[in-house]
Amino acid sequence: MKTNNEWVIETSGLTKAIGRKALVQDLNLRVGRGEIYGFLGPNGAGKTTTIRMLLGLIRPTRGSVKLFGQELKSNRIEVLRRVGSLVEYPSYYGHLTGRENLEAVRRILGVPVGRIDEVLSIVRLTKDAGRPVKGYSLGMKQRLGIATALLGNPELLILDEPTNGLDPSGILEMRELIKSMPQQHGITIVVSSHLLSEIEQMATQVGIIAQGRLIAQESIESLRGRSKGRLSLRVGAVPQATKVLSAIGVRAESAAAAETPRAGAAYDEGANRILVDSVDDEIAAYYVRTLVESGIEVYRVEEVRQSLEDLFLKLTDGEESL
Amino acid sequence: MMLLQLLAVERLKIRRKAIWPLIAAGGFGVVLLQAANYALRYDYLMKLNADNPWGHMLSEMHFLAVPSLIMGLAIIASMIAGVEHATNSWKQTLALPLSRLSVYAAKFVLLMGLMFAACTMLAVGTVVLGLCLSLGTDIPYTELLRVSYLPLLAALPIGAVQLWLSVSLANQAIPLTVGVLGTVVSMFGMTLGDFVPYKWPMLDNQWNEPLIPAALGLTVGLLIYVAGSVHFVRKDVK
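Which chain is which? The protein sequence lines are W and V, in order.
Sequential numbering of the first sequence, starting at 1, is according to the UniProt record's numbering.
Sequential numbering of the second sequence, starting at 1, is according to the UniProt record's numbering.
Wrong hints could be hidden among the right ones.
Here are the simulated SDA-like cross-link-like pairs (lysine to any residue), alpha carbons at most 20 Å apart as the crow flies [said to hold, decoys possible]:
| hint | chain 1 | residue 1 | chain 2 | residue 2 |
| --- | --- | --- | --- | --- |
| 1 | V | Lys238 | W | Tyr89 |
| 2 | V | Lys238 | W | Ala22 |
| 3 | W | Lys21 | V | Lys17 |
| 4 | V | Lys238 | W | Gly19 |
| 5 | V | Lys235 | W | Ile18 |
| 6 | W | Lys134 | V | Met79 |
| 7 | V | Lys17 | V | Gly82 |
| 8 | V | Lys238 | W | Arg76 |
Reference excerpt, derived from the structure (chain V facing chain W, CB under 8 Å, subset only) [said to hold, decoys possible]:
| hint | residue |
| --- | --- |
| 9 | Ala8 |
| 10 | Val9 |
| 11 | Leu12 |
| 12 | Lys13 |
| 13 | Arg16 |
| 14 | Lys17 |
| 15 | Val83 |
| 16 | His85 |
| 17 | Asn88 |
| 18 | Ser89 |
| 19 | Gln92 |
| 20 | Pro97 |
| 21 | Leu101 |
| 22 | Thr120 |
| 23 | Ala123 |
| 24 | Asp194 |
Chain W regions said to be covered by chain V (calculated; three or more residues, Cβ under 8 Å) [said to hold, decoys possible]:
| hint | region |
| --- | --- |
| 25 | 46–60 |
| 26 | 81–91 |
| 27 | 100–109 |
Keep in mind that the hints were calculated from the coordinates and are not lab data.
We put the CB at the ideal spot given by N, CA and C, even for glycine.
Take these sequences, add in the hints, and give me the full structure.
Shown next, in the form of structure tokens:
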């Protein structure tokens, strides 16, 4: 009996160690139906290792993977029938044409021949289907990989770094394709990337992994809140400025207490600077006017955007201090 | 059912890989070599083997075929596994809803099937050559079948090892080197002990019973195949 809100992916204590070194440690992933789950982490954080375990390509050292509420270990074939995947670089047989590549997978999945034309048109490769794949551009190979993943009408699509090595227009195209799928086909998607900006633009849910550990798992809105830009003001006197701003209901903190901004670091970082949440131009002007009218000099006003690295640092530090 | 389906897929994967020309080169190549042998010294050989011209031709054929059988097993195994290694397709193949046992089985059956085809070409080519050389129409079919197919059975362990190596290692230089060395060793097969697998395809042994090495090959070959597929099932896929 299945309920509507069962997890499509649920891992508990998932761990992969080689020798003593843990590549992935105690991962508890939760992916809900219809989500685009962005799996975010720097290179070498364990994203691909995790995805390989989700697909049964490598065996976990500890812990378990449940897909669609079923243990992967004991129902591998049954479960994988409902999953499409693209792991890292696209896999293909270069000497075969695009259509033959799809045919090799189609025969195993046992879907009708017509499905090949459907997936070819989804990724717009119909025109090139008769050419050997070794002559394809990387973007086309990647699209063929997506087509292969879609062939079996999967309920869950697992894409590992699908935009790796693509040019900007290829990335845009891939992103649109991914975003359209939950809407049009009701598919749940897990997409991994090392780029926050990329995940931000398509994911509804985000899991962040660093050094093999899941350090955050939340909705994109909540993550966006954490990584949003802030306004940095360089002022004559920090304590007075903070007081003046708090009088008008603005929480300001001195830059030294917060993270060091990376942008515009040409002058003494943190000195005489306060940070407030990013606001519209009018409100920013209002802050400045209030400060100036209170007799506090304002030397510089700039937008400081927190990079993913900063966010990681913050998140990992946060974990350590717990 | 599943295995047949997979075999069809495996055959699709090696399309345009020039495997069939290679198989033909192996099968008929040995026949051509033998043809050259007879062309060069026809009168001498006919006089030497006057008592049993077919028998002598077959045993020489067998002697020439063994090295190419072993080399063939190594090359074909490497090609069958190589299509997956080349663009790292294992991760795609093995994330599909099929058992790893059957993937390995399909590769093994394909390898042996292709070699069986090569042996058949050798058998047919031998008959044609024999008739062309006017060895008479009294063709010793039992002996023909024996030298054509028993070496393949006896070489089953070699095939199973080659496939195992080729599937496990991305670097195909290693299994191919093992294949070349095996070929060289087999050429001195007659001097090896009866329990060295590289001697078995020669079908020669102290009891003078060609069925013994064939049966040994079949048994040991299947054991190595099972070990290889168990390893394959448990292996982490890069």
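Consistency of the hints with the structure:
1. V/Lys238 to W/Tyr89: With Cα atoms ~12 Å apart, V/Lys238 and W/Tyr89 stay inside 20 Å; holds.
2. V/Lys238 to W/Ala22: This hinted pair holds, its Cα atoms lying about 17 Å apart.
3. W/Lys21 to V/Lys17: violated (41 Å)
4. V/Lys238 to W/Gly19: holds (17 Å)
5. V/Lys235 to W/Ile18: holds (13 Å)
6. W/Lys134 to V/Met79: holds (17 Å)
7. V/Lys17 to V/Gly82: holds (11 Å)
8. V/Lys238 to W/Arg76: With Cα atoms ~18 Å apart, V/Lys238 and W/Arg76 stay inside 20 Å; holds.
9. Ala8: holds (6 Å)
10. Val9: holds (5 Å)
11. Leu12: For V/Leu12, the interface hint holds, since the closest Cβ of chain W sits about 5 Å away, which is under 8 Å.
12. Lys13: holds (6 Å)
13. Arg16: Status holds, d = 5 Å.
14. Lys17: holds (6 Å)
15. Val83: holds (6 Å)
16. His85: violated (11 Å)
17. Asn88: holds (6 Å)
18. Ser89: holds (4 Å)
19. Gln92: holds (4 Å)
20. Pro97: Since chain W brings a Cβ to about 4 Å from V/Pro97, closer than 8 Å, the hint holds.
21. Leu101: violated (11 Å)
22. Thr120: violated (26 Å)
23. Ala123: Nearest chain W Cβ about 31 Å off; hint violated.
24. Asp194: violated (41 Å)
25. 46–60: holds (count 6)
26. 81–91: holds (count 8)
27. 100–109: holds (count 7)
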